[in-house]
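Based on the hints, put chain B with the ligand in the right spot on chain A.
Below are the chains, spelled out letter by letter.
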Amino acid sequence: MSKTTTDTELPPAPDDDTAAERLSTAPVESEGPTGIGVLGWARWMWRQLTSMRVALILLFLLSLAAIPGSLIPQNGQNQFKVQTWKAQHTAVAPIYEKLQLFDVYSSVWFSAIYILLFVSLAGCIVPRTWQFVGVLRSQPPAAPRNLTRMPVYAAWRTGADPEQVNAAAHRLLRKRGFRADLSGGSVAAEKGYLREVGNLLFHLSLFALLGGFAWASLASGTGGKLMVEGQGYSNTITQLDDFTGTRFYGNQDLDPFYLKLDDFTSKFQNTGDQMGAARQFTANVEYYGGSDESKLKKGTIEVNHPLEIGGSKVYLIGHGYAPVITVKNGKGDVVYHDVVPFLPQDANLTSTGVVKVSDYGVGPDGNRTQLGFSGFFLPTAPLSFAGTGPISLFPGDAAPELVLNAFSGDLGTDSGLPQNIYQLNTSKLTQMQQDGQPAKALLKPGQAWDLPNGYGSITFEGYKQWASFNVSHRPGNAIALTGAVLAILGLIGSLFIQRRRIWVRAVALPGGGTQVELAGLARSESAKIAEELAELAVDLQDDAPASEEDGDGTAQADVEAPAEEAVPDAPEAAASDPAVPADQNSKE
Amino acid sequence: MHLASGVDPQLADLSNKLIYSAMAVYTIAMFAHMFEWTFGSKGAVAVRSKEQSGNLAETVAAAETKAAKKVTVTVAGAKGGTTTLTRTVLAGEGATVVTGGRTDEDVDGPGAAGTSEKADLAGRIAISLTVLALLLHGGGIVARGLSVSRWPWGNMYEFSCAFAFAMTAAYVVLLAARKNVRWLGLPVTVAVLLTLGIATQVLYTDSEQLVPALHSYWLAIHVSTAIFCGGAFYAAFISTLLYLVQDSYRQRADEGKYEFLRPGALRSHDGQKYSQTRIALARIRVSVCNRLPAASTFDKLSYRINALVFPLWTFTIIAGAIWAEAAWGKYWEWDPKETWSFITWVAYACYLHARATAGWKGRKAAYLALAAFACWLFNYYGVNIFVTGKHSYAGI
Ligand code: HEM
Numbered sequence: 001m002s003k004t005t006t007d008t009e010l011p012p013a014p015d016d017d018t019a020a021e022r023l024s025t026a027p028v029e030s031e032g033p034t035g036i037g038v039l040g041w042a043r044w045m046w047r048q049l050t051s052m053r054v055a056l057i058l059l060f061l062l063s064l065a066a067i068p069g070s071l072i073p074q075n076g077q078n079q080f081k082v083q084t085w086k087a088q089h090t091a092v093a094p095i096y097e098k099l100q101l102f103d104v105y106s107s108v109w110f111s112a113i114y115i116l117l118f119v120s121l122a123g124c125i126v127p128r129t130w131q132f133v134g135v136l137r138s139q140p141p142a143a144p145r146n147l148t149r150m151p152v153y154a155a156w157r158t159g160a161d162p163e164q165v166n167a168a169a170h171r172l173l174r175k176r177g178f179r180a181d182l183s184g185g186s187v188a189a190e191k192g193y194l195r196e197v198g199n200l201l202f203h204l205s206l207f208a209l210l211g212g213f214a215w216a217s218l219a220s221g222t223g224g225k226l227m228v229e230g231q232g233y234s235n236t237i238t239q240l241d242d243f244t245g246t247r248f249y250g251n252q253d254l255d256p257f258y259l260k261l262d263d264f265t266s267k268f269q270n271t272g273d274q275m276g277a278a279r280q281f282t283a284n285v286e287y288y289g290g291s292d293e294s295k296l297k298k299g300t301i302e303v304n305h306p307l308e309i310g311g312s313k314v315y316l317i318g319h320g321y322a323p324v325i326t327v328k329n330g331k332g333d334v335v336y337h338d339v340v341p342f343l344p345q346d347a348n349l350t351s352t353g354v355v356k357v358s359d360y361g362v363g364p365d366g367n368r369t370q371l372g373f374s375g376f377f378l379p380t381a382p383l384s385f386a387g388t389g390p391i392s393l394f395p396g397d398a399a400p401e402l403v404l405n406a407f408s409g410d411l412g413t414d415s416g417l418p419q420n421i422y423q424l425n426t427s428k429l430t431q432m433q434q435d436g437q438p439a440k441a442l443l444k445p446g447q448a449w450d451l452p453n454g455y456g457s458i459t460f461e462g463y464k465q466w467a468s469f470n471v472s473h474r475p476g477n478a479i480a481l482t483g484a485v486l487a488i489l490g491l492i493g494s495l496f497i498q499r500r501r502i503w504v505r506a507v508a509l510p511g512g513g514t515q516v517e518l519a520g521l522a523r524s525e526s527a528k529i530a531e532e533l534a535e536l537a538v539d540l541q542d543d544a545p546a547s548e549e550d551g552d553g554t555a556q557a558d559v560e561a562p563a564e565e566a567v568p569d570a571p572e573a574a575a576s577d578p579a580v581p582a583d584q585n586s587k588e
Numbered sequence: 001m002h003l004a005s006g007v008d009p010q011l012a013d014l015s016n017k018l019i020y021s022a023m024a025v026y027t028i029a030m031f032a033h034m035f036e037w038t039f040g041s042k043g044a045v046a047v048r049s050k051e052q053s054g055n056l057a058e059t060v061a062a063a064e065t066k067a068a069k070k071v072t073v074t075v076a077g078a079k080g081g082t083t084t085l086t087r088t089v090l091a092g093e094g095a096t097v098v099t100g101g102r103t104d105e106d107v108d109g110p111g112a113a114g115t116s117e118k119a120d121l122a123g124r125i126a127i128s129l130t131v132l133a134l135l136l137h138g139g140g141i142v143a144r145g146l147s148v149s150r151w152p153w154g155n156m157y158e159f160s161c162a163f164a165f166a167m168t169a170a171y172v173v174l175l176a177a178r179k180n181v182r183w184l185g186l187p188v189t190v191a192v193l194l195t196l197g198i199a200t201q202v203l204y205t206d207s208e209q210l211v212p213a214l215h216s217y218w219l220a221i222h223v224s225t226a227i228f229c230g231g232a233f234y235a236a237f238i239s240t241l242l243y244l245v246q247d248s249y250r251q252r253a254d255e256g257k258y259e260f261l262r263p264g265a266l267r268s269h270d271g272q273k274y275s276q277t278r279i280a281l282a283r284i285r286v287s288v289c290n291r292l293p294a295a296s297t298f299d300k301l302s303y304r305i306n307a308l309v310f311p312l313w314t315f316t317i318i319a320g321a322i323w324a325e326a327a328w329g330k331y332w333e334w335d336p337k338e339t340w341s342f343i344t345w346v347a348y349a350c351y352l353h354a355r356a357t358a359g360w361k362g363r364k365a366a367y368l369a370l371a372a373f374a375c376w377l378f379n380y381y382g383v384n385i386f387v388t389g390k391h392s393y394a395g396i
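Protein chains in written order, with full-length UniProt numbering: chain A, 1 to 588; chain B, 1 to 396.
Only chain A is shown next, with the shape it has when bound in the complex (with noise of 0.2 Å):
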C-alpha cells in the first residue's frame, strides 16, 4: 500500500505519520499481489476489486451497458416492437438474440457489471463502517512534529503562557463544534465526521434500493381487465384477461376483490394544432375489497390515479368504444345481443372488431350456420371515404359510424382451440355477397342492415366506451423509497460537508514569549479551512495577544513561510506522485 486514494494525503514526514492520516477511510489501493500463491492473488484480486479505481470502471462500464437497451426494442417493454424489429433486420436478429440485446437489463453480462459493482461495493463500505466506528471511538490524530508542512498554516508570536493558550484553543475548537484533544503540548481537533456518516449511508442505501428492486421482481404480477360500461368482475385468474406472475406471486396469491366499470368520460381538444390530443379520462367505478359486497363503494380511476384495492393498484391504460350489437335470424327471432369492444387502431379511434354469431342456428339453405361479422368503429366518421378508406377523423363521438361485412359458415369455436374474440378465422367462412359484390353496410345508432340472401338483419342499437386496467401488485416499493430518501440525505452529507482537522501548539521560545502555531487540512474540494483557521487565530488572540515587537505590530512577520523544502507538495512531487491532487490550492 504505497499510495492512497484520497486528495487529503500528503507525502507523510516519518514521524507524522497519524497526523498526516486520510480524512477519508477510502479503500487504500495496492500495486501488485503481496504473499505468494493462489491466497497471495484472491487477497490481491480482491483488494483490485474492491478499490475505488475499480470502482470507477465499472460505474463507466455500467452506464456504457445500459446504453443498448435504450435504442433497440426490450422484450420488457414492448414485445410487439421488437417482433417488427426483428423481422426488419432479419440477418443479425439472432446475433442480436445470442447477445441478449433484446433483454438488455436482465442479460448476463449487464447482470455481471451490476453484480461486481454491488461486490465491490460491499468489499469497500463493510470495512470502511468498521474502521468509521474506530476512529469515532479514538481521539483526533496527535499534532504532527512539522505543523508547516500542513496545507494552512498560522503562527504568530504572544507574550501569554503557552499552557493557557493551548487550554484557550482547546476550548475555541470545542465551542466550534470540533471534536478536541488537549495532550503533549497541543491540541488536535476534527470536525466533518457527518461526511463520512453521509458517505457510508449513501453507499449502504444504495444496497436498500436493490432490495426492493429484486423483491419486487420476484414478488410482483401484474394482470389485465378489459371492462365496458355496467360490467364488472372478480379479481381472480379465470375474469382476468391476462396475468403474469413472478415465483412468489402466482395465479393463487391473486389479491381478492371485485370491481365494476360504472361509466367511463373522455374529453378531447377540438381545436387547434393539437386537435384530438386526448385532455381527460376519468373511469367512475364501484368495488370492493375481500367478499363482503355490503362494503361497495364507489371510486373513479384516471391516469395517474390508480385505485388501491387491498394489495393491489388498479390503473386506467386504455379506452375505446364497444356497439351494442343485435343479430337475428331469418324468422325474425333475436340470436344475438350483446355490446362488442372494439380496438382501435390510431389516435383519432378508428376501432376495429368482430362479432361472432356462433348460436345462429339453421340458415335459409336449411343447413346449421354461423354468422361472422367484421368491421370498423368509427367515432366521428368522414362524409366519405372515398380515397381513405374508413378512417375515423376525431377520437370523440361525433359522428359514429359501424362499417361491417358479413360472413356465414364454420367460425371454428367449436374446435376447442382458444380464438382470439378480436379476430374472425375465415378459413371456413364465406363473405356474403350482393349484387356480385362483397356485402358491406354501414350503419348509424339505431339503423339495422338486412342482410342478403334471407339471412334476417343486425342492428346497431348503440354503443358504450370500455376501459382497461391493469392490475398490478408491487411489493418492495416502500424499501426502494426509503432506500431512496436515505441515499438522498446520505448524499447530501457526502457532499457538502467538509471533514477537517486543525492543530494547535503553543510553545515556550528559549530566548522568552511564546510561539503559537495554528494547522489546518481538509479535503481540498471546496474546503474553507484557510477562513476558518483565520477565524479561529483572530478569537485565539483574545487569550494570546500577538507581541509588539513583531516587525509590524502583527504576525505577519513572524510567519515561518513555508518555503520551499517545508511545502509538502512541491511540483517534482506533484508530477510523481499521482496521490497529490492537481488541485490542492483550495483557498477560497
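What the hints contain is simulated information worked out from the structure, not anything from laboratory work. Where is the CB? At the ideal position from N, CA and C, for every residue including glycine. Incorrect hints may appear among the rest.
[What the hints assert, rightly or not] Heads up, simulated DMTMM-like pairs for lysine to aspartate or glutamate below, C-alpha to C-alpha not over 25 Å straight-line: (1) B:K337 to A:D103; (2) B:K330 to A:D161; (3) B:K330 to A:D255.
[Said to hold, decoys possible] Among chain A residues calculated to face chain B with C-beta under 8 Å, some are: (4) G76; (5) Y105; (6) P151; (7) S472; (8) I492; (9) Q541.
Relative to the frame of chain A, chain B with the ligand by itself:
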C-alpha cells in the same frame, strides 16, 4: 391539477411575442459582450504575469492602521506556490475585515473587459440587457402558463424556454451576489440563444392543455427540478470546458510556447517564420485566456456545481420513478428517458468518484464530466426527438 376548459389565445400570443422579444434583446446583449471581449483585448496583454493582485495590499494597509488583531494564513498551492489570506479585526468595532489573498499561484484574470473602460461599459450594457431580456423571458413563460392555467412545462418547447430561463436566472443571481462570474456573460447568452432558437424554430407547439398522463403535481416537482439540474449542468459544462482550455493554455505558456509574442522576440520556430494567422490566433488565445479566471477556479467551480446538483438530480430521478409508479404502475421500466437519466446519473457518479481517486483528477476527471454532460444532452434532445418511448407527448 384540474382541467381548465380551454386556452386563452391572447395570452398565448402574448407569450410568443415576449419570447421573441427576449430573444432579440439577448442577441443585442450577446453583441455587447462580443464588443466587451474585443475592446478588452486592446488593453495591455501580458504573457502570464505573476505580479498581479496587488490591489488588495491597499485595502490591507488601510485596515491595518486601526487593526487590533490580524492573522495571516499561509495556504499551500498545488504547484508548490503559496497563497496568503489575511483577516483583520478592527479595534473597537468588533467587525472582521477579510482582506483576501495574495498569491504566487495562478491568478484569475481581470475578466472580459480587461483594463479597458470602453469594454467595461459594453459589459455593463450587456448585463443590463440580459436582465431586461430575462424579465421579458420570464413574462413569456408566465403568460404561457396563464394561457392554459397550468405549469408551463408540458412539452419540449416549454421545457426549453424554462431551461434557458433557469440558466440566465442563475447567472444573474450569481452576479447580484457579487460573484466574479461576469466572464460567463458571452457563453451564457450564446447558450440561451441556442436553446431558445431550437425551441422556437424546431420544437414549437401551440399552447394547449395537457394529455391526461401529465395531469399530476409531479409535473411541477419532477420537471422543474429536471430543468434546474439541466441549467446547472450546462453551467458546469461551460466551466469544465474553460478549465480544459485554460489548463492547456497555462501549460503551453509555462513551456514558453507563447514567448514569440513578446515584443522583440524572434517570430520564427526552427527557422520557420510563424504565419500571420498563427500569430493572430495565438494573440487571441493569450488575450482571452489572460482575462479569464485561472484553471483551478474553473475546475473548482465545475466540481462545486456538479456536486451541488448531483443530489438534486438523484431526487429528480426518484421523483420521476414515483410519478411513473402512479402513471404506469411500475416505477422503473427502462423506458429510454429513464435509461438515459440513469446513464447520466451513473456518469456523474463516475465523475465524482474520479475526483476522489488517485490518478484520475484534473483533466481525466474533466473528460468524464464532459461525457456525463453529453449523456445529459442526449437525454434531453436525442431521446425526445429520435427515440420513442413513453415520454413522447404532444408535439414532442
Ligand atoms: C453503486 C454505485 C456507486 C455509486 C452510485 C456511488 C456514488 C458515489 C458518489 C456520488 C460519491 C460522491 C461523494 C463524494 O464525492 O464524496 C461517492 C463517493 C465514494 N464512493 Fe461511491 N458509489 C458507488 C459505488 C462505490 C463502490 C463500489 C465503492 C468502493 C470501491 C465506492 C467508494 C466510494 C468512496 C470511498 C467514496 C468517498 C470518496 C471520498 O472520500 O471522497 N463507491 N460514491
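Agreement of B:K337 and A:D103 with the hint, judged by alpha carbon distance not exceeding 25 Å:
With a Cα-Cα distance of about 17 Å, the restraint between B:K337 and A:D103 holds, given a limit of 25 Å.
Does the closest beta carbon of chain B sit nearer than 8 Å to the beta carbon of A:I492?
Holds, because the Cβ-Cβ distance from A:I492 to chain B comes to roughly 5 Å (cut-off 8 Å).
Next item in the hint list is A:S472. Is there a CB on chain B closer than 8 Å to its CB?
holds, 4 Å
Compare the distance between the alpha carbons of B:K330 and A:D161 with 25 Å, and conclude whether the hinted pair is satisfied.
This hinted pair is violated, its Cα atoms lying about 69 Å apart.
A:G76 as chain B interface residue, shortest Cβ-Cβ below 8 Å
A:G76 check passes; min Cβ-Cβ to chain B is 6 Å, inside 8 Å.
Double-check A:Y105 for me: the hint is only fine if its C-beta lies closer than 8 Å to a C-beta in chain B.
It holds, given that the least Cβ distance between A:Y105 and chain B is near 5 Å, below 8 Å.
Restraint check for B:K330 with A:D255, where alpha carbons must lie at most 25 Å apart
Holds. B:K330 to A:D255 sits at ~18 Å (cutoff 25 Å).
Have a go at the A:Q541 hint: is there a Cβ in chain B nearer than 8 Å to its own Cβ?
This hint holds: A:Q541 lies near chain B, its Cβ roughly 4 Å from the closest one there, short of 8 Å.
A closest beta-carbon separation below 8 Å is what the hint needs, so does A:P151 meet it against chain B?
holds, 5 Å
Figure legend: structure checked against the earlier numbered hints; the only hint not met is number 2.
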